[in-house]
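Could you build the full structure based on these sequences and the hints that come with them?
Protein chains: 2
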Amino acid sequence: MGLLVVGSLALDSVETPFDKVDDALGGSATYISLAASYFSGPVELVGVVGSDFPKKYVELLQQNNIDLEGLQIIEGEKTFRWGGKYHYDLNVRDTLFTELNAFQNFNPIIPERFQKSKYVCLGNIDPVLQMRVLDQMRDPQFVVCDTMNFWIEGMKDDLLKLIKRVNVLIINDSEARLLTDEPNLIKAAKMIRNLGPDILIIKKGEHGAMLFMDGTIFSAPAYPLETIFDPTGAGDTFAGGFIGYLHKTRDLTPDNLKRAVIYGSSMASFCVEKFSTQALEKLSYLQIQDRFRKFKDLSHFDQLEIDK
Amino acid sequence: MGLLVVGSLALDSVETPFDKVDDALGGSATYISLAASYFSGPVELVGVVGSDFPKKYVELLQQNNIDLEGLQIIEGEKTFRWGGKYHYDLNVRDTLFTELNAFQNFNPIIPERFQKSKYVCLGNIDPVLQMRVLDQMRDPQFVVCDTMNFWIEGMKDDLLKLIKRVNVLIINDSEARLLTDEPNLIKAAKMIRNLGPDILIIKKGEHGAMLFMDGTIFSAPAYPLETIFDPTGAGDTFAGGFIGYLHKTRDLTPDNLKRAVIYGSSMASFCVEKFSTQALEKLSYLQIQDRFRKFKDLSHFDQLEIDK
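Each protein sequence line maps, in turn, to chains A and B. Residue 283 in this note's numbering sits at position 283 of the first sequence; the count goes up by one each step and never skips. Residue 197 in this note's numbering sits at position 197 of the second sequence; the count goes up by one each step and never skips.
None of these hints come from the bench; they were simulated from the model. These numbers were taken from a predicted model, which means no experiment stands behind them. It cannot be assumed that every hint is accurate.
Any copy will do: because identical chains look the same in the list, a pair fits if it lies in one copy or spans two.
[As the list claims (entries may be wrong)] Pairs of lysine to aspartate or glutamate, EDC-like flavour, derived with a Cα cap of 16 Å: (1) K187 x E226; (2) K190 x E226; (3) K296 x D255; (4) K258 x D181; (5) K274 x E15; (6) K116 x D302; (7) K204 x D173; (8) K161 x D198; (9) K190 x D302; (10) K258 x D302; (11) K190 x D297; (12) K187 x D89; (13) K164 x D135; (14) K156 x D181; (15) K187 x E273; (16) K156 x D89; (17) K78 x E112; (18) K296 x D22; (19) K85 x D139; (20) K282 x D251; (21) K85 x D19.
The structure is reproduced here in structure tokens:
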């Protein structure tokens, strides 16, 4: 029972107040797969790159137990490139350039072997393509879907059709407000769950993440980091840690979904501590467990009844 | 060993998307005292009003176990009035008018009886006045201080002198960034603690609150409310619940400070559910305990070690 990840692979050029990298490994499918690979594997990746995609990145993914049978390499095409610059406060970024290249005509073809997988993570790509992935799956049982403001604004009808078919939608707070035109996040969450997904996760960046499901609201803090080197990929990494942990444990109870949110948050907190995917390349399980426990220290308190 | 609260008393005119009130009971000392009164009392209030201050508000405070010996009533003067309008999303408000009136020349005189109190809560007023309060106290042992951008921008030197003498500073996230010129909140918190206060609380509105002290960072969620009727006084109410609980329990360990943050957050969550001080006028202890427990459901998760 596999875990399929579909999304983008990219070469990112990122500038932050601290440093600058060119043609670093990026893309939603990359971050999701790497994060998920710490919990469960092999992770089945479907995506597209050009013939310029560095061999070392292919090897890096393979070494992390990511099955690349579904990776299309388009001869004579270039890989999707994105360039961005983060401002001083790291919450605002400018996109400097987007060159779709091979990604422009991406048609996700799910290899026969992957079609039987029950867990599916749809990285942030065109909702029409996300739908096309689901159409090829034989019996998907747990589908996690990420999206962004670009698709909410430009492809809302397709997105609304798609999210009826997913179990978990992951979006950020401004996207939740945009999707519902409702400023109150708790009301917006209820409205989004009425659109289809049983489970909704709202990411709030430096303020953590919230999980909404029947009878449960769970609020996870963000890990307190004094220095964030590169926020790129944090959301995708969250999704990867979340679905990777659930795929490993096969337990969809509220208690386990809460843990999955914390594992997702833990992986995201590692991600932003280094440039690009560097922090996700050779983590140890002890490091991940330790980070999980730190989330507990950060958010737990015990009860002492007052009386008067 | 008393609990002294010094701050403003006001008549507020508030408009939200849901309703509108005129001359409702307001002011930082009011909210702090009412919230604290659920844990500990009598709460010793020092503040100033005009002779137009409604008798029913005096009675309301007295009925809530608030000692008004330090309340100055200036004959022939009017009470401080504030008018504000909240926008659709309730995170933005316009101040429509501010009439300082009796509050303009407020000189906090601490009655002899109150000077012996060990716990002091300095509501958000001019830091010079907050200092004058401390100068009158014989042996203050636990001082909690609130402030705002207005004083950070206009009276920074006085504020910096003051906060060297307080145990807990409570500010919101934008104020923390303003005070330190540092966008990273965790770094800003460290810088502020280096300015004096051993304990720092950063309020983040709909994203909860964070507690910083030696070796401890604690992140409390906000209570998920679908409807916020009136955010006025939420920050003061937080401070009141926080210090009231600590005054009652006399336990300043990190574990108990975490609980105090949750009691503060609980009280603030009640505050915003009704207009003005209405929600704080007759709460029951069961309601408060129940809200505390809901915070636990909201933020706790248990551990399940992964292995691979």
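Original post:
What are the numbers of the hints the structure violates, in ascending order?
Top reply: 4, 6, 9, 11, 16, 17, 18, 19, 20
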